[in-house]
Structure formats: structure tokens, C-alpha cells
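Protein sequences, first through last, are from chains D and H. When we follow this note's numbering, the leftmost residue of the first sequence carries the number 1, and every step to the right adds one. When we follow this note's numbering, the leftmost residue of the second sequence carries the number 1, and every step to the right adds one.
Warning: the hint list may mix true and false statements.
As the list claims (entries may be wrong) - Below, a list of computed lysine-lysine pairs in the DSBU-like style, where the Cα atoms sit at most 35 Å apart:
hint: 1; chain 1: H; residue 1: Lys67; chain 2: H; residue 2: Lys41
hint: 2; chain 1: H; residue 1: Lys70; chain 2: H; residue 2: Lys171
hint: 3; chain 1: D; residue 1: Lys126; chain 2: H; residue 2: Lys70
hint: 4; chain 1: D; residue 1: Lys126; chain 2: H; residue 2: Lys41
hint: 5; chain 1: D; residue 1: Lys126; chain 2: H; residue 2: Lys126
hint: 6; chain 1: H; residue 1: Lys126; chain 2: H; residue 2: Lys41
hint: 7; chain 1: H; residue 1: Lys171; chain 2: H; residue 2: Lys41
hint: 8; chain 1: H; residue 1: Lys121; chain 2: H; residue 2: Lys41
hint: 9; chain 1: H; residue 1: Lys121; chain 2: H; residue 2: Lys70
hint: 10; chain 1: H; residue 1: Lys70; chain 2: H; residue 2: Lys84
hint: 11; chain 1: H; residue 1: Lys171; chain 2: H; residue 2: Lys84
hint: 12; chain 1: H; residue 1: Lys121; chain 2: H; residue 2: Lys67
hint: 13; chain 1: H; residue 1: Lys84; chain 2: H; residue 2: Lys126
hint: 14; chain 1: H; residue 1: Lys84; chain 2: H; residue 2: Lys41
hint: 15; chain 1: D; residue 1: Lys126; chain 2: H; residue 2: Lys121
hint: 16; chain 1: D; residue 1: Lys126; chain 2: H; residue 2: Lys171
hint: 17; chain 1: H; residue 1: Lys84; chain 2: D; residue 2: Lys126
hint: 18; chain 1: H; residue 1: Lys84; chain 2: H; residue 2: Lys67
hint: 19; chain 1: H; residue 1: Lys171; chain 2: H; residue 2: Lys67
hint: 20; chain 1: D; residue 1: Lys126; chain 2: D; residue 2: Lys47
hint: 21; chain 1: H; residue 1: Lys171; chain 2: H; residue 2: Lys121
hint: 22; chain 1: H; residue 1: Lys67; chain 2: D; residue 2: Lys126
hint: 23; chain 1: H; residue 1: Lys171; chain 2: H; residue 2: Lys126
hint: 24; chain 1: H; residue 1: Lys70; chain 2: D; residue 2: Lys47
hint: 25; chain 1: H; residue 1: Lys41; chain 2: H; residue 2: Lys70
hint: 26; chain 1: H; residue 1: Lys84; chain 2: H; residue 2: Lys121
hint: 27; chain 1: D; residue 1: Lys156; chain 2: D; residue 2: Lys18
hint: 28; chain 1: D; residue 1: Lys47; chain 2: H; residue 2: Lys84
hint: 29; chain 1: D; residue 1: Lys47; chain 2: H; residue 2: Lys67
Source of the hints: derived by calculation from the structure; they are not laboratory data. Keep in mind it's a predicted model, so treat the numbers as computed, not measured.
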Amino acid sequence: MDFNYILDALPDLMRGLKVTLTVSGLAILLSCIVGAVGAALRTSGFKPAEYLVTGYVEFIRGTPYLVQIFFIFYGLPSLGLRLSVFWSGVAALTLWASAFQIENFRGGLAAVSHGVRDASASLGLKRWHHALLVVFPLAARAALPSSMNTIVATVKNSAYLQAIGLVELTFVAVDRIAYDFRAIEMFFSICVIYLLCVFALSGLGHALEHRLNRPFAGR
Amino acid sequence: MGQTSNHATGGSQDVCVEFSNVDKWFGTVQVLHDINLTVGKGQKVVVCGPSGSGKSTMIRCINHLEKHQKGRIVVNGIELTESKRSIERVRQDIGMVFQSFNLYPHLTVLENCTLAPRWVKGVPRKDADALALRYLERVRIPDKANFYPSQLSGGQQQRAAIARSLCMNPKIMLFDEPTSALDPELVREVLDTMAQLASDGMTMVCVTHEMGFARQVADRVIFMDAGRVVETAPPDEFFRNPRERRTRAFLSQILH
Ligand SMILES: Nc1ncnc2c1ncn2[C@@H]1O[C@H](COP(=O)(O)OP(=O)(O)OP(=O)(O)O)[C@@H](O)[C@H]1O
Ligand SMILES: [Mg+2]
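Produce the complete structure using the sequences and hints provided.
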């Protein structure tokens, strides 16, 4: 393997990484928000909202991710919505990740005991105070491990976006291979870079988990 | 304790809780039949009865954790209706302690106690902390203020839950089997706290099978069976000379 070649390609790869991290970062942020709201709607008891969210989750989970990306990039313009490559990528990744975050948060909500509801009601706490100050932190903690898996998968799945021409990390590697035929060097490099990203994220997740678990550690 | 405000909807100032002909159904199953009950200011009422007899449901109707379908419930002169306002007003006056403590597990004992004062009443943090510490001292766990519930024994958790309720300065305290989830050696400390509260003049409704506590503290003991109030009597009479056959059967089981 030619390490000099890798060094040579590094600036290009870093530019790709920057796009990968930007797109994934936005998608992670947005999907966590959509996930929390979606899970709240999904368990709201308001039937139309529940069906809508369930339908959305089932649709995303039941269709190929690549088809969803193509649908947004090639399909939406004919419906009158034209997004740039970048925002198509963010939209596709967000839509995909949101479906899983909704399920993760729903699991988190289910883990919150009914007892605290009674406690808050008897103390006269308003419903949204209870939701924000009690249910949300407890549900977030319960959802964290599965949510972390989705976050890691979101970063990895940003690679699919090269299919619509987003110049992210995988695109850069594949592009260079097409010219220089240094497949081993390029795939080795991007694997290492993805792994480092995933390790960093997992580390962050574990630290957060540790922090949120402190009250539950017992004596 | 605070003064009883009288929002005269009928009922004298000295009546805190009044049930008139209250029925409740869960779906198609009727779990409360024609409940009549009056709790005067400062009175202590103990409710007992077999499992499934409707004790929890009845006591939870007092602060509208369960809603009744028929009859009237009036608390401190305010009738409980579907209106949010009446529910809010009634809950301001009532504290409740549960069998399973129901503390907020992600908050320290102090934060458990200050959450409602701060967010419901808008008490500034420093004042809420001071208030909470005063009540934690009263239930004798001031040293646990900065611990999480999981770091406390069951008895300490229940006393923390009592302090949390007291921080809202209630006029009535409801207890739903506050000691049944506790190891036997921890029951005493919670009952002592409750007895102290009683001697301070708090109006109390307690679902409990601690008959020693009932003897010591109660003005009246109520026996429920199958969703009805079967017998009501002062503790002496209730234990020495129960009128109803079902009460006798129940007592003979409870008092071994
Ligand atoms: N949420 C509910 N939905 C349907 N039925 C219920 C519900 N809660 C209670 N019940 C029923 O209502 C009846 C009274 O229950 P309740 O919990 O008030 O009894 P209890 O006297 O407190 O019993 P225990 O001593 O076991 O706590 C029971 O038959 C119970 O199965
Ligand atoms: Mg009960």
C-alpha cells in the first residue's frame, strides 16, 4: 500500500469528510427533534396523528433507503419541489433517521413509569411542565442506547448520498479510484476515517449515558 | 397550618372533603357504589378493606386522579367538576403520598421537593431550597437533600415523598398504603412521621392496614368492601365491637 498516495489524497478526503459531517450532523439534529415530536404524537392518543406517524415509520422502514434518496432528488422536482444536492441529501438522511428515532423515543417514553404522572398531577404540575421536566429527561435516558445506534448509522448512511452526486467522503474516494485505480489505498483510508468518527460518537454516547445514569446507580 | 379559605359552594367551613352518593365505573365495571363520606377539618380518617375493594380508587377521586361519574365531591367548598379550574384549585389544597413513593428518579431529593414550588407557584430557587430543607428536617432526612432517590432506603424515600408534598403547603394529605412497599423494619419511621403530621393538626385520609396507627391516630376508621363503605366507626369501637359480619371477617384476617 502506498502511504504517500494517501497523504497526497488527504486534503481531498478531508473536504469530503467535512461534507459528510455537515450532512450527518444536520440530519442527526433534525431527526432527534422529529423523533421526539413524532414519538409524542405517536403516543398522544389522537388517532389521526398516531396513524400518520405509524404510516410514516412503516413506509421508511419498508422501502429501500436508496429509493427514498432517488425519490427526493429525482421525484420531488416533478412535484414542484426542487432541492439542491446538499439539501436533498440532508432531507433524505433526516427522513430515514427520523423513522428510527421515533421508534427509539417511543421506547423511551414507554419506559417512564406511570407513578411520576400521578405525582406531578397531585402536585399540580402543568402537563407541559411535567412533559418537559420529568418525562423528557427520563425518556431520553431510556432511549439513549438505541438512539446512539441510529446516530452512528446516520453517519454511515450518509455514504449513500454519493449516488445523487453529493461530494462527501465516499464520493471523493470513488472518484479518485476512477482516475487513479488506487482502490486499496482509498477504501482503506475512508474505512479508517469512518471508524474514527464512529468511535468518537460512541465515546460521546457512553459518556452521556454514564452522566445520565448517575442518579440511577444506587448506593 | 394555613387557614381554610371558604369558597362557599354550600358546605360549612369545617368540612374539608365531602362525598355525596358518588359512583364510579371503569368502563362497564362499577367500582364505587354510592359513597358518602365527610372529613372535617383536622380529622384523620383511616380507610381499610380487602384488595380490590376500591380504597385506592376512592382516595384518588379526592384529588381527581380518577374521575367519578355520579354524585358530588366537594373539597374545601369547591366542587370537583370536569372544569380544569376546579381540578387545579382542589389539587392546590391536597398533597398525596403513594405506595410506590413515585419520586422523580432523575432528580435529587432537594430537587424533587422544589420542582413543584418553583414551577407551579413560581417560588424563587433560594426560597424553594430553604422551604424544602425545612421540611426535610421535619421528616428527619436533611442530610439526604443532595442524594438521588435510588441512594435512599425505602423509608427515607417515602419520607422524602412526604416532604415533597408538604412543600406545596397542602391543607389535606392523602396516603395510599404508604408503608405497604416497605421492609417491616422501615415501617415505623414512616408511621412516626405521619403521626407527627397528624398531631400538627393536618387533615388526613389514609388507606392503610397498620391497625396500630389507626388506633393511635384515627378519629374514624372506614371499612370498604366491593366498592361500598360497609362500616364507619371510631377506632375503639371499630376494633372492639365491629357491627358488620364482613368487617369482623376482615379484621380476624388482618389481626391474625
Ligand atoms: N385503571 C383501572 N382500570 C380498570 N379497572 C381498575 C382500574 N384501577 C382499578 N380497577 C379495578 O377497580 C377495583 C378497585 O381497585 P382499587 O385499586 O381501588 O382497589 P384497592 O382497594 O385499592 O385494592 P388494593 O388493596 O389491592 O390496593 C378493582 O376491581 C380493580 O381491578
Ligand atoms: Mg390500592
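A quick look at each hint next to the structure:
no.	hint	in the structure
1	H:Lys67 to H:Lys41	23 Å, holds
2	H:Lys70 to H:Lys171	25 Å, holds
3	D:Lys126 to H:Lys70	26 Å, holds
4	D:Lys126 to H:Lys41	28 Å, holds
5	D:Lys126 to H:Lys126	22 Å, holds
6	H:Lys126 to H:Lys41	32 Å, holds
7	H:Lys171 to H:Lys41	9 Å, holds
8	H:Lys121 to H:Lys41	24 Å, holds
9	H:Lys121 to H:Lys70	32 Å, holds
10	H:Lys70 to H:Lys84	18 Å, holds
11	H:Lys171 to H:Lys84	20 Å, holds
12	H:Lys121 to H:Lys67	25 Å, holds
13	H:Lys84 to H:Lys126	30 Å, holds
14	H:Lys84 to H:Lys41	25 Å, holds
15	D:Lys126 to H:Lys121	11 Å, holds
16	D:Lys126 to H:Lys171	20 Å, holds
17	H:Lys84 to D:Lys126	11 Å, holds
18	H:Lys84 to H:Lys67	12 Å, holds
19	H:Lys171 to H:Lys67	21 Å, holds
20	D:Lys126 to D:Lys47	23 Å, holds
21	H:Lys171 to H:Lys121	16 Å, holds
22	H:Lys67 to D:Lys126	18 Å, holds
23	H:Lys171 to H:Lys126	24 Å, holds
24	H:Lys70 to D:Lys47	28 Å, holds
25	H:Lys41 to H:Lys70	25 Å, holds
26	H:Lys84 to H:Lys121	17 Å, holds
27	D:Lys156 to D:Lys18	14 Å, holds
28	D:Lys47 to H:Lys84	23 Å, holds
29	D:Lys47 to H:Lys67	23 Å, holds
Consistency note: the structure conflicts with none of the earlier hints.
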